[in-house]
Structure formats: C-alpha cells, structure tokens
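Undergrad: The hints should help you fit chain B onto chain A, whose structure is shown.
Take a look at the letters that make up each chain.
Protein chains: 2
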Amino acid sequence: MSDKAQNNLTPTQQSGLMEKIVALSKRRGFIYPSSEIYGGINGFWDYGPLGAELKRNLRDAWWRAIVYDRTDVVGLDASIIMHPKIWEASGHVAGFNDPMVDCKKCKGRWRADQLPETKCPQSGPHEFTEARSFNLMLDTYPGPIRSEENKTYLRPETAQAIFAQFKNVLDTTRQKVPFGIAQIGKAFRNEINPRNFTFRSREFEQMELEFFVKPDAFVKQGERTVAQWHEYWVEERFRWYESIGLPRTKLHPKVYEKKELAHYASACTDIEFDFPFGRQELEGIAARGDFDLSQHQKFSGQKMEYFDEEAKARYIPQVIEPSAGLDRTVLALLCHAYTEEKICAQAGTLMPPDAEETRIVMRFAPRIAPIKVAVLPLLKNKEILVTKAQEVFRLLQKHFVCQWDDRGNIGKRYRYQDEQGTPWCVTVDFETLEGAKADAPEFGVNAGDQDTVTLRDRDSMKQVRIKISDLVAEISRRW
Amino acid sequence: MSDKAQNNLTPTQQSGLMEKIVALSKRRGFIYPSSEIYGGINGFWDYGPLGAELKRNLRDAWWRAIVYDRTDVVGLDASIIMHPKIWEASGHVAGFNDPMVDCKKCKGRWRADQLPETKCPQSGPHEFTEARSFNLMLDTYPGPIRSEENKTYLRPETAQAIFAQFKNVLDTTRQKVPFGIAQIGKAFRNEINPRNFTFRSREFEQMELEFFVKPDAFVKQGERTVAQWHEYWVEERFRWYESIGLPRTKLHPKVYEKKELAHYASACTDIEFDFPFGRQELEGIAARGDFDLSQHQKFSGQKMEYFDEEAKARYIPQVIEPSAGLDRTVLALLCHAYTEEKICAQAGTLMPPDAEETRIVMRFAPRIAPIKVAVLPLLKNKEILVTKAQEVFRLLQKHFVCQWDDRGNIGKRYRYQDEQGTPWCVTVDFETLEGAKADAPEFGVNAGDQDTVTLRDRDSMKQVRIKISDLVAEISRRW
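Residue numbers (my numbering), protein chains in the order written: chain A, 1 to 479; chain B, 1 to 479.
Just so you know, these hints were derived from the structure itself, not from any lab. Hints may contain errors.
Put simply, identical chains are the same to the list, so a pair is met inside one copy or across any two.
[As the list claims (entries may be wrong)] With a cut-off of at most 30 Å between alpha-carbon atoms, the simulated DSSO-like pairs for lysine-lysine come out as follows:
1) Lys372 / Lys176
2) Lys298 / Lys382
3) Lys151 / Lys388
4) Lys462 / Lys372
In isolation and in its complexed conformation, chain A is listed as follows (with noise of 0.2 Å):
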C-alpha cells in the first residue's frame, strides 16, 4: 500500500490495518506478548527474533548518528535503579501523576483525561468517583530491609542518570560546551490503561540525548544561540527519521506554544508519525533551560556549573533534549514497511499463470530490515546445491546479516521472505553448478558461465543472474 493510499484510510480500515500489523508482528517472531502462555501482562512486550534485529537496527542507527558521526557527543550506559532523590530532585515524586478515576459500578480504573465521555469502557454509561492524582513511577525496595528509606523507584525516563552524572562526565572526557552525552535504555511507567500495541506501555526503551550549550549571554558571534540549537537538533532528528525510511510525508512537528510549556522550557516540538491509530508523538526535543541540571545542583548540594575557559565564567549550561521512543519507532517503522498488494501469480506455485495472488511485504530500508540476504538452496535434499549454498552462504555472513532458508517450495520462501522484510534473496540451483542459461553482460555472466546464482529484489521482484563473486559488491551497490 503507497503512502498516500494508507493516508486515506477510513477509521475502520486504519483500525483492520493495525490488527493486521498486530497478527504479522506475531506470526512472523516481531512482537510476542509478554508472558503469553500466562495470559500476558498488560502494558509489556517481547520482541521476538525478527523485533529484536529491528531494535538492535535502530539502537546502531541513532548511536552511529548521535554518538560516532559526532566529535561532540559522548555515551552513557546507568542503572535503572538510582537513589530516590535522584527523582525528588526531578520533580517526579511530586508531580509525575495523571488523574485517575474509578467507574463506581464495575471498579474498573481509569485516565480521567482519556474518557471519551462519561462513560466506562467495561459497562457503559453511568458515574465515576472524583479524579485523584495517580503516580507513574513503579517502586521497588533494594537493600536488605524493607524500610521508606530504601524505596526507590524503576526510573521513568533515562535522562536524569545523564544529569546526575553531568560532572563525572564533564571531568574524565575531553568535552566542552556544548557537547552532549547519550543513553539507550529501559524506562518504566505505570500507565494506568496501556493501549495501541507497543506504543503506550508500562516497560519501553528510550533513546535520549541531553546536549548542553552556553546560555544566551555567553554566546559570541558566529555561535549558535540555545534557540537556535534547538532549531538545529530539531532539523536534525528530521533527517534521523528519514535516513532510517520514515518518509517526511509522514512526519510533523508539533511546535507547542509558550503557554503550553513547563514553567522552565524555552521551546518544544514533537516529531509526530502518522500511524493508523492517528498521528503520535515518536519524539520531543525540548529547550529545557537549566532546570535539570539546578535542581540536582540544589538536592545534592554538589556544584553542576562548568567554568568556560574563553568566556572566564562559570555557568549552569542550557539543555537541548531530544528524547526518542525506540518501541514507537519500531512500531513506526513496522505500521510504514506493511504493505499488501496484488501480483500475478509467481512463477513455480501451482497457480495459473495469469491469476492474481495478493502478497504481504514489508518494505523496511535495507538498513534496517533485520535480515539482509537470505540464501535459499533449491532442494533442501539435493547434498551438491546444499554444500554450494552453504558456501555462499559462508561468504555472505561475513558482510551482511544473513539466514538460511531450506523450507517450502522457492515461490513460498519468497513470500515468506517478503513478510520479514528481507531486500535480497541468493537462490542456488542447478544452473549454478551446470553453468548459466542466458547472458547478462551487466553481471558479468555469459551463458554457459558456472558460479551463477539468482538474486531476488524483494520490492520489484526483479531476479538477475549473477556470479557468486560479484554478489557482495552488488548486494552493497543497491543498499
């Protein structure tokens, strides 16, 4: 389906999409409930062999952009668990709540904000309690006594290990404002009614940078200002989106008004995705003044200024946040590359040749699809065209990742191929070992040559003859 057509989907068909992205995630290994066999657990996920090469994907894909394409950006990899001032000093433990009511009749619990009326998605119309304040954070108690002094909290956002850890960094690495430091990992909150697949869960990962840069008064000539920074890192993830297959098309900025902003933002914009549920935020980067780093300045009672040599000033930076949901751009990435579309009957399967048979494929950017080649030996029981795919197969998995793939008739493979997203599929068969048919002087193949194998594009399903030697080249030529 092109973009446009999913565009212009009804409620109902946008709705027939999602539960078919939902069923292919499952049936081919993206995205299991967790702890399925028990019934599941509401708000978690598990990626399954194919969900998990995606999110590695991606997790390579932003630490190659944020962290190694950069001289100014430096990673970090802290615990999930931190000293509970760590979010008193956050503002977390007082204020991270959503307003929650109980339905008096079926004592289902719910968002307040989210009701769509006065009436309870359990058992229909009738009255809820008062709204009261429900935090997000989920609490644990480390140490060997349970006591209020060793509770603490799964942290509900990575950011704050970047903050607490701005000194540490600051001291043992080369950097100077501005320059950022980076983190990949888990967060936990307790949405109180997990909805839309992965995409609002209690366990996510989160991809944030904090870039701090010189407040307004220090910024010389030619150097950007905290707005225009922001402007920069905004344009930036812009780009990000794109590079990994997210046509702009489909991606807006929310530029949040002055009001709509925390009492110390400068400025906020989300990048928000069209999914089929309706277009959500993957990201916001906000201007976040110094407010992160002043406050652990002030629980702590340790120093967060940084002395700028060429200003002789000491100063508390200003923070630029992009902030990424790596599950949401999985499920971004998914709910884009889903497409079905209808193909005359594929050469090989027992269909007329001119019948129409309707193929799913998911057209994932090679770079991130999570298998790259799949290397299909015709016969699965004829021992010469299994050592000679093997051996290609061996070459190959030293590039790119690769799977194998013996099962079913070849037609099958590609199909089944097509649902995982896989760009190229290198079939060995008899010609491979007998010598090619036909020339194909772009290859250099000539007819009679031997170490010939098909190789398969998986969007125009266009198959070329071509030498085991040249496949590298030429599988790294079309990525």
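TA: Below, chain B alone, put in the same frame as chain A:
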C-alpha cells in the same frame, strides 16, 4: 604488568591493584558509582563514555558469535517485568533465597554463608541472630491497583523469558531442534552484600543462550548427545573469551560434581577468571534437562513439546544454558588490560632523555577497545593543522570509532590515550603539510612526500610515518 606478574601478587598487592582499577575506571570514565552526587546507592553502577563503549563492543561480539555467525540460534528481547507465575514455575518465588543473619549489636544484615567467622564486618566479634532465608527478587506492582495479585518481580535472570516464549519462537521461525534462543538484557538480584566493585551488583546485564537439543533416546548416529552438546558449548565459550582478549591461562573450568548439581541438571561447568580478588565465575554452562520447559508446561497448561519430523516423535527438548555476566566480563577485561610499566621518558616532555617514567596502559584487544583511533593535531590553534586533522578524522571515522584529541602536549595526549586503551594514535604535524623528512618505503613514503602522518602503536609505542591514503588499510591490517 605481565599475566604472570599479576598472578604472583600477594593479597595486599592484589587489593592495591583492585583499588587502582577502581580509581582508573572513575578517572577515565569507564565506571562511576550510580547516583554518586547523592552518596551513591549500594550495588548499582553507571558506565561512563568508555565503559558504555566497552559494553557495546562486548554485546556485539557475543551476538555475532552466538547469533550471526551461526544458522541455528535466533535472538529475543523480552521485557524485564513478566507475569509473576513465571517465577513460581521457575522455582524463584519458593527457592531463590540466601541465608541472612542480623548482627545483634550494630543491627547490620549479612549473608550467613559469607561471613568469614562469627565476626561482624562492621563492629567486630559478637552475636548474630539465627539465619533466616531472604528472597533475592525485587518486587513491584504494575497496574493501577496495589494488590497482591498485581505483585510481580524484576527478572532475576533473562533465561525464563526464553523458556516462556519457546513455543512462539518455534512457531514463527524455521528453526528445528537442535537450535538456540539468545538474549542480552538487564536482571536484578537483591544481593544482601554487594561487593568486589561491579562483580556482585544488584543490577547487572546477562548474555544468555538456551540451546535446545534432542533427548538422548532420539539421537541418531553422528549426532551429538546431550553430554556432547554440553562439552561443545563449554569449549565454544572458552574460545569466545579468548577471542575478546582474555588469555586461556587466566580462564579455568570449574566442573561441578554430581552431588553439587540441582536434581534436574546433568552437568554444570563454570568458566572462572583470575580476578585480583580471586578466581571467580564469569559464566556457567549448565545442562538443565527439560526442567524449565516442563515446569512452564505444568504451570501454564500450555504444551511445550516439540514434534520431531525425522524421529516422528514428540518430546520436550533438553537444554544447554551458557549464561554469561556482561558486567563481570567488562571487569575481567579491565583487570586484565591494566598494566603499569616503566618506560624511558617520552620525547617532547621536559624530563631528561634518560629518565624513567611509569605509564599506565590498558591493553585491550583492538576489537574490544572503546576507541580504536585517536586523531591528534599537533597544535590546536594552528588552523591549517586542525583543518588537515579534521580531514583525516572524517576519513577514519567512516571505518573506526575515533576520538578527536587536541588538548595538552602530544606526550600527555599519548598517555591519556594509553589509559583509555586506544590502540592507535594518528598525529597530524607540520611534516604532514610540508612533506616527510625521511623515507619509510614499507608505507610507501618517500622523503618530501606530503600528506603523511605518524601512526603510533599503543603497546610498542612505535611511531611510523605513513601516507594518509594508506591509513585505513594499515590499521585494518594491524587489527
């Protein structure tokens, strides 16, 4: 310090060595105490910029060896919080306990089986309470109601998620027994007394493989028995630790006797490493029978059987479990890499040429080193040098994780990079712009050539003059 020298240290020297490693970890940004500005939190650690890279490299090396370089293992990335029934089935609710005693004088709480004598570590010789059992799982309450039925646990191991998703993975991949499911992720144990730096922490990361094999009754000639698969994985894992730079001389198998094994297990071998604080476990490789899958079948009512097409039989597979600690492996690498050596004073320092100085160098294997190449402009305020160095940096950055380093004199920068374990430094100097002074025909350099830099080796400290265009190939060759 050579391996041999480190092994021959007295207990006091060993403890001194450990203190140095802890200090260097903080000083250079490998590992910080979590929440340090709030006085820390016992049993939790944060990985700084270099530590985060070490962990990334180890995760990647493990995933490559276990998943990508094979065809019979797939990945999983499951949630930390799972259904509480999982921990009933696994035996953790009833049996994951340590014996705990209270000191009657200072009220300190200790692990009964680890007290050296009847002597409280805090307040000397006196009386303890009777030992009581203490469950090591941290609990929390997801969901809007804090009720016993919503109580669950932070996973104390990643393994159980693999067993719980065994059928889903089997149904959604093309794997057949023997095959494995691999996972890397955080786990939590409420250790009574965390100790030995990061070795025994309350939050840690595991790299676990569950490898499912045929019961011996179905093994055909030429196939491995359960015991042979166990042996196979022990050897594979030893080879992996060698591949990341830990020498076999410091790695030791600890084979459990039958009477030491759990009732369901048929074998267990630990891989131990010679830490400065003693010989301790990095990984356990256990043959766990069909215990875990059978327990989940019993507790969930879902069939965990596998239908073996060849054997025309249904069975619950046997499991071999290589379970490695990521933090422990990082610690082993830090301990092994740490080297102090007396060297002649560096050219360019103010010391007399025959003076000796001590350098600290982290001898990481290149594939594990956090930074592969540092690029050093000789002077940071000569624009022409800096511009050239940036050009070199951008070239190398495409191939290796690089660091820009322009602060302080070159000798100090080399020492700084030595402490970070950076295998190669590339220095851009005036000769780069003007032309080389001497021939270095092995690197294609003739006196007078422009575009040459010095490439300095961390371990030998040897510097060679080399053409910029040959840098990538030469570094790749030395890797």
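Undergrad: If a hint holds in the structure, say so; if it doesn't, say that too.
TA: Against the structure, the hints come out as follows:
| no. | hint | verdict |
| --- | --- | --- |
| 1 | Lys372 / Lys176 | between (39 Å within a copy, 22 Å between copies) |
| 2 | Lys298 / Lys382 | neither (73 Å within a copy, 41 Å between copies) |
| 3 | Lys151 / Lys388 | neither (60 Å within a copy, 54 Å between copies) |
| 4 | Lys462 / Lys372 | within (16 Å within a copy, 41 Å between copies) |
Consistency note: the structure conflicts with the earlier hints numbered 2, 3.
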